Structures are given as structure tokens and as C-alpha cells.
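Chains as they are written, first to last, in our numbering: chain A, 1 to 113; chain B, 114 to 227.
In short, the hints are calculated from the structure, not lab data.
Only a predicted model underlies this, so the values are computations on that prediction, with no experimental measurement involved.
The hints are all genuine.
Once the Cα atoms are required to be at most 30 Å apart in a straight line, the calculated BS3-like pairs of lysine-lysine come out as:
hint	chain 1	residue 1	chain 2	residue 2
1	A	Lys67	A	Lys56
2	B	Lys178	A	Lys100
3	A	Lys100	B	Lys120
4	A	Lys70	A	Lys100
Ranges of calculated distance between the beta carbons of each label pair, as one might list FRET restraints:
hint	chain 1	residue 1	chain 2	residue 2	range
5	A	Glu14	B	Lys178	39 to 47 Å
6	A	Gln44	B	Pro121	18 to 26 Å
7	A	Leu61	B	Asn214	15 to 23 Å
So the derived list for chain B, only partly shown, Cβ under 8 Å to chain A, looks like this:
hint	residue
8	Ser155
9	Tyr217
10	Phe218
All C-beta atoms, glycine included, are put in the ideal place defined by N, C-alpha and C.
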Amino acid sequence: GEDVEQSLFLSVREGDSSVINCTYTDSSSTYLYWYKQEPGAGLQLLTYIFSNMDMKQDQRLTVLLNKKDKHLSLRIADTQTGDSAIYFCAESNKYSSASKIIFGSGTRLSIRP
Amino acid sequence: SAVISQKPSRDICQRGTSLTIQCQVDSQVTMMFWYRQQPGQSLTLIATANQGSEATYESGFVIDKFPISRPNLTFSTLTVSNMSPEDSSIYLCSVAGRLGNTQYFGPGTRLTVL
Numbered sequence: 001g002e003d004v005e006q007s008l009f010l011s012v013r014e015g016d017s018s019v020i021n022c023t024y025t026d027s028s029s030t031y032l033y034w035y036k037q038e039p040g041a042g043l044q045l046l047t048y049i050f051s052n053m054d055m056k057q058d059q060r061l062t063v064l065l066n067k068k069d070k071h072l073s074l075r076i077a078d079t080q081t082g083d084s085a086i087y088f089c090a091e092s093n094k095y096s097s098a099s100k101i102i103f104g105s106g107t108r109l110s111i112r113p
Numbered sequence: 114s115a116v117i118s119q120k121p122s123r124d125i126c127q128r129g130t131s132l133t134i135q136c137q138v139d140s141q142v143t144m145m146f147w148y149r150q151q152p153g154q155s156l157t158l159i160a161t162a163n164q165g166s167e168a169t170y171e172s173g174f175v176i177d178k179f180p181i182s183r184p185n186l187t188f189s190t191l192t193v194s195n196m197s198p199e200d201s202s203i204y205l206c207s208v209a210g211r212l213g214n215t216q217y218f219g220p221g222t223r224l225t226v227l
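With the hints as constraints, model all of the structure from the sequences given.
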């Protein structure tokens with residue numbers, strides 16, 4: 001079945017860029033998503049990208065998609081303490097649209113001074 | 114995006130009891146979903162809450178354990194029945210965005226079963 005994989009932890013210094021990576025197996029992926037979960041909170045949709053795009057930028061966030069390698073990344077520029085959270089990569093495919101989103105295990109981003 | 118609220122935000126329950134979680138959306142939505150997030154884990158879809166008909170459950174989840182109601186396009190409930198400590202999780206509802214290609218999540222209900 002479909003699988004989405006991420007590294008579990010990432011530590012960066014405040015002010016540096018954070019790059020969170022994700023790989024997926026579903027060749028029929030239509031949309032790929034990044035969600036943010038702060039401690040004790042639900043999931044916030046940060047951004048998403050359609051599979052025929054290779055890049056999307058939104059303020060400090062840049063999403064890069066390499067469809068050939070099935071690799072997705074999220075770059076956060078000028079990382080701040082408020083960016084500390086778990087970041088989930090997720091995908092859905094053309095057969096199920098948004099009704100079946102497959103989530104990765106999440107990457108816990110910690111910020112050091 | 115829709116504003117989604119859940120009640121209760123957290124609860125501590127005794128083994129063998131049941132808890133009903135409510136999800137309210139500030140606008141009419143076609144699709145609503147219920148997820149479980151076990152401690153330190155990712156999200157697992159429990160079921161799709163269908164308005165006016167029975168929910169559609171994912172493999173490993175059954176109606177007797179997780180009955181779901183969806184009386185209208187803005188509200189749904191999930192009941193966790195006959196609870197055991199293994200049911201301790203965060204339960205989240207979500208709704209599909211207007212274009213059907215995204216999901217937006219509620220704040221979650223943190224359940225602890227003793």
C-alpha cells in the first residue's frame with residue numbers, strides 16, 4: 001500500500017533555514033501536503049502542492065517536489081522558536097482525492113538558541 | 114478554511130465506559146472525517162462520517178466500537194465505546210475543503226483511559 005516516510009527529528013539553530021524531507025511511494029499521488037502540529041493542538045494545514053508542480057513558495061515556506069524520485073521537502077527560512085512543532089508530510093491520490101490522506105510519521109522540529 | 118471546534122478538549126475516563134466527542138463546523142461541509150492519533154504516532158483514519166447514512170469505516174475499525182452520527186452538514190459525533198487503556202489517544206475530526214483537495218482539522222480531543 002501507499003507509504004509516506006519522514007525522519008523523526010530535526011534540530012536547527014534559530015535564524016537558520018530548516019529543511020524537512022519526505023519520501024512517498026504512491027505513483028498516483030495527486031496532492032502533497034505539509035501539516036504543522038504544535039504541542040496540545042490539532043493539525044494546521046501549512047501548504048500543499050499539486051503533483052504537476054515542482055515548487056511552491058509562500059512567505060517563509062518553500063515546498064519542493066521531485067516527482068521522479070517521489071521526494072518532497074519543506075524549507076522554512078529564518079526559523080523562529082514559534083516554528084517548534086511536529087511537521088507531517090501527507091499525500092492523496094487521484095482515486096480517493098481528499099477522502100484518503102496518508103500521513104507520514106511526523107518530524108519533530110526543535111529550535112536551539 | 115472552516116472553523117472547527119471539538120468537545121470535550123480532553124477527558125479522563127474509566128475502563129468500560131463510553132465517551133461521545135462532538136465536532137462542530139461553522140459552515141456546511143460535504144465530507145467530515147474522524148482520525149485517531151495514538152501517543153507519539155501519526156494519524157489513522159477511523160471513518161468518513163456521511164450525512165444521512167451510515168459512516169464508512171476503515172479497515173480495523175468497526176461501528177460497534179466507534180459509532181458515528183452525522184445528523185446535518187455542520188455536526189458529527191464519534192463515540193468511543195467500552196473503553197480500554199489502549200483507546201487513550203487524541204481523536205480529531207476534519208472536514209474537506211471546498212475544492213475537495215484538502216482537509217482541515219479540529220483541535221482534537223485528548224482521551225486518557227484509566
